[in-house]
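Student: Listed below are the residues making up each chain.
Protein chains: 2
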Amino acid sequence: MNRIFIYDTTLRDGSQGEGISFSLQDKLAITLKLDDLGVDYIEGGYPIANPKDESYFKEVKSLKLRHAKIAAFGSTRKAEVRIEEDKNVKALLLAETPVVTIVGKSWDSQVKNVLKVSLDENLKMISDTIAYLKSKGREVFFDAEHFFDGYKKNREYALKVLQEAQASGADAMVLCDTNGGSLPVEIAEIVGAIREKIKGMLGIHVHNDGDLAVANTLASVNQGVRQVQGTINGIGERCGNADLCSIIPNLVLKMGYRCLEDKGLRKLTEVSRYIYETANLLLRSNQPFVGVSAFAHKGGLHINAIQKDKGTYEHIPPESVGNERKILISELSGSSTILAKVEKFHLTHDRKFMKDILEEVQNLENEGYQFESAEASFELLVRKKIGRYKTFFDLEGFRVIVEKRENGLPVTEATVKVKVNNIQELSASEGSGPVNALDSALRKALERFYPSLKDMKLVDYKVRVINPRSGTAAKVRVIIESQDKENIWNTVGVSENVIEASWYALVDSIEYKLLKEQEVETEE
Amino acid sequence: MNRIFIYDTTLRDGSQGEGISFSLQDKLAITLKLDDLGVDYIEGGYPIANPKDESYFKEVKSLKLRHAKIAAFGSTRKAEVRIEEDKNVKALLLAETPVVTIVGKSWDSQVKNVLKVSLDENLKMISDTIAYLKSKGREVFFDAEHFFDGYKKNREYALKVLQEAQASGADAMVLCDTNGGSLPVEIAEIVGAIREKIKGMLGIHVHNDGDLAVANTLASVNQGVRQVQGTINGIGERCGNADLCSIIPNLVLKMGYRCLEDKGLRKLTEVSRYIYETANLLLRSNQPFVGVSAFAHKGGLHINAIQKDKGTYEHIPPESVGNERKILISELSGSSTILAKVEKFHLTHDRKFMKDILEEVQNLENEGYQFESAEASFELLVRKKIGRYKTFFDLEGFRVIVEKRENGLPVTEATVKVKVNNIQELSASEGSGPVNALDSALRKALERFYPSLKDMKLVDYKVRVINPRSGTAAKVRVIIESQDKENIWNTVGVSENVIEASWYALVDSIEYKLLKEQEVETEE
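Residue numbers (UniProt numbering), protein chains in the order written: chain A, 1 to 524; chain B, 1 to 524.
Careful: at least some of the hints might be erroneous.
Put simply, identical chains are the same to the list, so a pair is met inside one copy or across any two.
Stated by the list, open to error - Straight line, CA to CA, 27 Å or less: simulated DSS-like cross-link-like pairs of lysine-lysine: (1) K134 to K61; (2) K87 to K254; (3) K267 to K152; (4) K475 to K457; (5) K112 to K516.
If you're looking for bench data, these hints aren't it; they were derived computationally from the structure.
Build the full structure now, drawing on both the sequences and the hints.
Tutor: See the structure below:
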């Protein structure tokens with residue numbers, strides 16, 4: 001059997017990550033996204049933990065899912081409580097999910113020191129809870145918490161816990177590396193030994209504290225595990241859970257397993273970015289498979305080679321996971337980088353042009369520009385060079401004033417004077433800082449002529465001092481990331497004056513937006 | 001032999017990462033930091049690639065390193081070129097490093113399609129280069145590029161490449177997973193087979209495209225590899241190189257190997273953060289071992305359990321890698337750091353004072369302050385708290401104007417009004433940017449009262465956006481480094497307004513200078 005079942009716990013264990021908090025609407029939207037991706041199970045929350053999760057289980061029933069089954073998560077019944085009266089178990093049933101996942105302890109010292117019950121009572125708590133939920137028609141998975149640590153200390157008891165769960169009817173026994181500190185060789189050895197003894201479906205749930213969660217998951221699959229638990233982007237408490245964005249492509253593209261439905265794999269990058277956006281987290285650009293730099297090439301030699309043979313520096317085709325290749329421009333790269341970038345303008349045969357643009361990029365880079373993270377500015381540069389560019393507005397001037405009196409808050413005002421089609425427009429705006437005020441004033445002046453600028457917003461702003469040893473007279477590079485309904489783009493500005501550097505990046509950003517729009521109109 | 005040699009390539013392969021660009025000063029400072037950490041080899045750069053690396057190799061000779069050896073990196077000689085005349089090999093010798101690392105091809109199709117030379121000529125290029133560098137007294141490592149991909153396609157040739165390198169005198173044969181796409185089971189199997197045939201020292205250099213770089217490195221060590229290459233924080237092209245911040249603690253704490261010198265492991269977190277700061281990258285909070293959330297506990301149950309038994313949700317003691325536990329609900333982070341810093345005031349016994357200062361620091365850190373790299377500001381904070389502080393001047397107000405007309409240079413003016421001993425002083429100054437103008441105006445106003453300020457200058461200025469997703473309304477943290485004839489000190493300011501943030505850091509810097517002087521006078 002080469003089918004692996006994907007159990008996503010982004011909404012439950014993932015939401016334990018620092019700074020992560022999903023609203024009810026977020027959780028429902030993510031559920032649809034995960035279903036579209038094609039995961040088999042979606043662990044939606046912990047019904048007893050908070051009212052938000054309770055509402056989630058109510059509302060999720062009205063979503064039309066294509067494939068995924070929703071799971072509710074909770075603990076075994078409490079010690080010395082009748083199962084029908086256990087609050088947690090009641091809440092799990094009220095969630096009315098087809099699947100219930102129960103966590104129980106499998107490390108003897110945890111049972112004694114944290115739960116403070118006897119080893120036998122713990123076994124009863126597990127078997128009671130599973131049998132009861134099975135009798136209510138649920139598919140039941142059993143998460144054996146701290147399984148690997150427990151097995152290392154008392155393998156007999158850890159095994160007994162699994163046997164008890166299996167005997168009570170659990171549909172899968174999930175081995176958890178709760179501390180996330182196990183090594184792949186240990187995981188392989190222990191799962192191999194368990195596989196001999198437990199005939200039912202085995203699952204794996206590992207954390208990434210040793211930076212080995214993906215490897216540990218794959219090692220367990222090699223030993224016969226068929227249910228894989230993890231989260232999108234590996235979000236979760238401490239160092240996070242195993243990252244499904246890495247596990248799934250490894251399983252499918254490298255190990256020949258089947259998971260997700262048709263075409264699901266190609267949606268992986270999109271789903272990854274969606275989760276970052278919804279969780280309001282910065283995406284990790286060098287994230288394997290789905291990161292924006294995952295297929296980015298910088299060294300000139302590499303780029304030369306990749307044009308000859310794509311397999312040279314790419315372990316998989318980027319499009320197989322819905323990602324794309326990116327050629328970076330930097331001082332380390334020779335002309336081949338720029339060549340690749342300019343390809344879309346069909347100008348690479350023009351040797352004089354190529355020489356000119358190369359020289360200009362190098363000059364600008366010497367001044368402190370950096371185009372690898374500011375492709376929109378690079379495109380504007382090329383367009384200006386080849387005449388495929390029109391000015392949308394002329395700057396007549398700007399003025400920014402920051403004023404502070406004693407210990408009061410500073411007051412910041414910007415005025416901008418621009419000319420569009422020979423009509424002069426003067427605008428003024430306050431802001432929380434000089435760049436913010438300038439940005440507001442500039443938009444205010446231009447929106448009258450270009451109403452679509454309302455759709456655009458600045459989402460990221462970076463300042464870097466280029467030659468820091470010059471103190472406050474140092475040059476700064478400003479990089480701005482902008483976004484509208486369809487696109488994200490980056491622009492750059494450099495100056496000894498942080499306001500001027502920001503201004504250049506702001507202007508590029510607006511011009512790029514207007515240019516793209518104009519092109520769409522022309523095509524239509 | 002349980003000693004593993006750590007070969008750091010942060011400065012070379014790491015700098016290929018998207019958005020990473022180290023200045024010469026950065027590279028030298030990082031070299032000292034890595035040496036202090038205790039790595040065995042520091043690959044400093046690619047002498048032929050650019051003038052910055054050339055200068056690095058000149059200047060690095062004057063650094064006093066405790067332990068690390070510097071390595072220069074380059075390719076084998078070109079085809080059909082006499083070794084003495086090969087530009088790259090000449091550049092490598094001119095770098096005058098004790099170690100030279102040579103990269104050569106070991107994948108037959110790459111030799112044919114990218115290098116476009118015969119398989120035999122490639123072997124000669126490798127042996128010539130190694131033998132020649134050995135004859136010049138260098139320690140020589142051979143990086144077998146694409147080794148694992150090559151071995152899978154043509155194991156006979158890949159092996160021959162290693163044998164040739166060994167026969168020519170290479171001190172280590174480094175197996176590279178250049179595409180970063182191999183699986184741990186493949187790595188283990190291939191390294192195991194190679195170990196049988198190659199008796200010399202083996203090294204490993206892997207990339208993280210499959211999210212398996214750490215696991216792949218550990219798998220190769222299990223098979224006898226003794227030199228491990230990687231970068232701090234795993235920075236590097238695409239998905240980065242293997243992360244030494246994860247590899248080293250796994251090797252030492254879990255697998256019982258020796259690496260780094262005494263106490264090196266405890267510096268790991270500090271070095272990780274230093275590299276992020278220098279590269280101006282946002283740190284990855286959930287990074288294993290060294291991330292700020294790596295030992296952060298959120299769930300109430302977890303915190304309860306961790307108080308009963310620290311091993312419950314921690315795979316290693318956080319302090320073993322210089323990190324610390326963080327309880328997210330009660331926000332107790334940083335207390336040990338603060339304790340250490342307050343010690344010199346002999347006040348750690350004063351519980352109320354410690355509680356107050358802890359609270360204030362935590363509040364400021366929540367606002368975006370960071371005192372780790374701004375100890376002078378921290379000292380001022382403590383002095384204000386305990387009354388060992390006097391005001392040297394009062395700010396009545398400042399105003400900064402930046403004005404730009406069409407395409408002219410911007411004009412920047414600052415006026416500052418201060419009061420010293422009830423005498424009001426108003427001054428104005430121009431500058432290359434708003435902070436520079438403000439700095440000049442403030443000094444001008446104060447030098448009349450405090451002539452020693454003439455000896456002081458600002459040597460470094462850093463701006464960092466703290467919450468980048470807020471665009472231009474984001475908060476910024478400014479860190480200023482100042483210097484006089486005897487000392488160097490750092491101060492910090494935070495605000496949504498970059499001018500105000502800079503102002504706070506400037507004022508702290510001047511006050512700190514005056515305070516130190518006053519103390520010297522008092523002592524005399």
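Student: The structure should be examined with respect to each hint, and the outcome stated for every one.
Tutor: These are the hints, each one checked on the structure:
In this assembly of identical chains, K134 and K61 lie within 27 Å of each other by CA distance solely inside one copy; the values are 20 Å within and 71 Å between copies. In the homo-oligomer, the alpha carbons of K87 and K254 never lie at most 27 Å apart, since the shortest distance is 45 Å inside one protomer and 40 Å across protomers. Taking the shortest alpha-carbon separations for K267 and K152, neither the intra-copy value of 39 Å nor the inter-copy value of 30 Å comes in at or below 27 Å. Taking the shortest alpha-carbon separations for K475 and K457, both the intra-copy value of 26 Å and the inter-copy value of 17 Å come in at or below 27 Å.
Taking identical chains as interchangeable, the C-alpha atoms of K112 and K516 are never at most 27 Å apart, the minima being 65 Å within one chain and 42 Å between chains.
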